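K.L.:
Here is what each chain is made of, one letter per residue.
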Amino acid sequence: MPLNIPIAENILSANDRLAEENRTRIEAAGLFSINMMASPGAGKTSLIENTLPRLADKVRVAVVDGDIATSLDADRAAAAGAQASIQINTGGQCHLDAVMLHGALDQLDLKQFDLLIVENVGNLVCPADFRLGTHKSVLIASIPEGDDKPYKYPGMYRGVDALVINKIDLLPYIPFKMDFFQRGVEALNPGVITFPLSCRTGEGLDAWIDWLVQNVKR
Amino acid sequence: MHELPITQSILDIALRHAEKAGARRVTDLHLVIGRLSYVVDDSIRFYWDTIAKGTIAEGARLHFQRVPAELLCLDCNHRYAPDDETLACPKCQSVRVKVAAGDEFRLESIDVETSDSPSSLPAGEGEGDGEMKCH
Chain A
1 MPLNIPIAEN ILSANDRLAE ENRTRIEAAG LFSINMMASP GAGKTSLIEN
51 TLPRLADKVR VAVVDGDIAT SLDADRAAAA GAQASIQINT GGQCHLDAVM
101 LHGALDQLDL KQFDLLIVEN VGNLVCPADF RLGTHKSVLI ASIPEGDDKP
151 YKYPGMYRGV DALVINKIDL LPYIPFKMDF FQRGVEALNP GVITFPLSCR
201 TGEGLDAWID WLVQNVKR
Chain B
1 MHELPITQSI LDIALRHAEK AGARRVTDLH LVIGRLSYVV DDSIRFYWDT
51 IAKGTIAEGA RLHFQRVPAE LLCLDCNHRY APDDETLACP KCQSVRVKVA
101 AGDEFRLESI DVETSDSPSS LPAGEGEGDG EMKCH
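If you read the protein sequences in the order shown, they are chains A and B. Just so we're aligned: 207 in the numbering used here is position 207 of the first sequence, and the numbers increase by one with no gaps anywhere. Just so we're aligned: 88 in the numbering used here is position 88 of the second sequence, and the numbers increase by one with no gaps anywhere.
It is worth saying that the hints were derived from the structure and are not from the lab. Predicted model, so just to flag it, every value in this text is computed and none were measured. Beta carbons: idealized from backbone N, C-alpha and C, even for Gly. Don't take every hint at face value.
Simulated DEER-style distance windows between Cβ atoms [to be verified]:
(1) E19(B) x D148(A): 25 to 33 angstroms
(2) R16(B) x R218(A): 33 to 41 angstroms
(3) Q112(A) x R16(B): 34 to 42 angstroms
(4) K177(A) x A81(B): 41 to 49 angstroms
(5) E203(A) x D75(B): 30 to 38 angstroms
Here chain A is said to cover these stretches of chain B; the calculated rule only asks that three of the stretch's residues, wherever they fall, bring their Cβ under 8 angstroms from a Cβ of chain A [as the list claims (entries may be wrong)]:
(6) 4-11
(7) 20-33
(8) 53-62
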């Protein structure tokens with residue numbers, strides 16, 4: 001006799017369960033944690049490089065870097081003053097998942113830190129679907145990518161808790177319609193906190209740093 | 001997006017429930033996919049044959065139920081299906097909206113044959129599931 005078994009289980013529930021476990025570990029150690037996502041070249045690592053010196057002496061930071069290959073980003077984070085930096089090489093996978101972060105957390109003495117920054121693989125599609133267990137998801141957009149990205153990558157823009165708009169120093173040179181961009185953001189993620197800034201000139205970085213520090217203290 | 005690990009997850013969930021129920025074979029999987037979850041059914045079908053091979057779910061049919069997107073306007077509470085051009089509320093033009101439906105991605109149910117119900121197969125043909133060409 002054929003039998004129908006009701007299941008109603010989310011396909012990504014295995015990842016979600018492990019993400020919950022990651023969150024429990026992070027919270028038990030008293031850290032604030034962010035998952036930084038962006039397209040390749042938007043400035044994730046540059047933002048980390050510019051963030052770390054501004055947090056020195058105030059906030060102890062661990063950085064976990066996800067890339068398909070190389071330890072270039074973890075090296076840059078270490079050089080910029082991260083108290084610890086762990087590189088995850090995904091070996092081809094286009095996003096970090098909770099299992100990978102779980103493995104990275106094993107390598108860190110979490111109590112030694114106040115802030116955990118996870119730098120995801122450069123990709124505007126897949127990372128949005130795999131929760132890691134971090135407190136906040138941060139998307140870094142950048143002016144040269146173009147103002148149509150919220151419309152083209154709604155899944156990513158819809159799910160984030162904060163939005164950095166990097167490379168605003170290039171606005172005079174690039175036909176980027178900020179109104180159009182922000183209308184798209186507003187449609188997908190009403191009221192999301194936004195930090196327009198330039199890692200190159202330092203403009204706008206203070207607000208971003210304040211947001212991080214406030215969340216770390218909370 | 002990343003249909004290979006997703007297909008693996010689908011299989012893992014199906015097998016876990018099938019084994020718990022003492023199933024001998026999984027014949028059908030019923031999946032619910034929201035329009036907004038960007039899963040490509042053809043890719044899942046493509047990987048399925050390879051991934052399910054040698055398991056009790058080999059040859060099982062995949063059924064996809066697509067759930068249309070529905071948005072809820074946070075200003076006037078209007079629930080509507082967005083068109084492709086704009087997500088804004090058609091009633092009050094507000095862009096303060098949230099997804100009410102369409103981001104689902106779940107395994108709703110599976111159809112199995114249980115080991116204490118061999119009636120669906122003539123005697124002697126229930127062995128060697130890995131060899132069976134289903135459907």
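K.L.:
With reference to the structure, classify each hint as holding or not holding.
P.N.:
Each hint tested on the structure:
In this structure, E19(B) and D148(A) break the distance hint of 25 to 33 angstroms, their C-beta atoms being roughly 47 angstroms apart. About 38 angstroms separates the C-beta atoms of R16(B) and R218(A), a value consistent with the hinted range of 33 to 41 angstroms. Checked against the hint of 34 to 42 angstroms, the C-beta distance between Q112(A) and R16(B) comes to roughly 38 angstroms, which is consistent with it. About 28 angstroms separates the C-beta atoms of K177(A) and A81(B), a value inconsistent with the hinted range of 41 to 49 angstroms.
Range check, E203(A) to D75(B): about 34 angstroms between beta-carbon atoms, so the 30 to 38 angstroms window is met. A stretch counts as covered by a chain when three or more of its residues have a beta carbon under 8 angstroms from one of that chain; for the segment 4-11 of chain B and chain A the count is 4, and the coverage holds. Counting residues of the segment 20-33 of chain B whose CB lies closer than 8 angstroms to any CB of chain A gives 4, which reaches the minimum of 3, so the coverage claim holds. Interface restraint, the segment 53-62 of chain B with chain A: violated (0 residues with C-beta to C-beta distance below 8 angstroms; minimum three).
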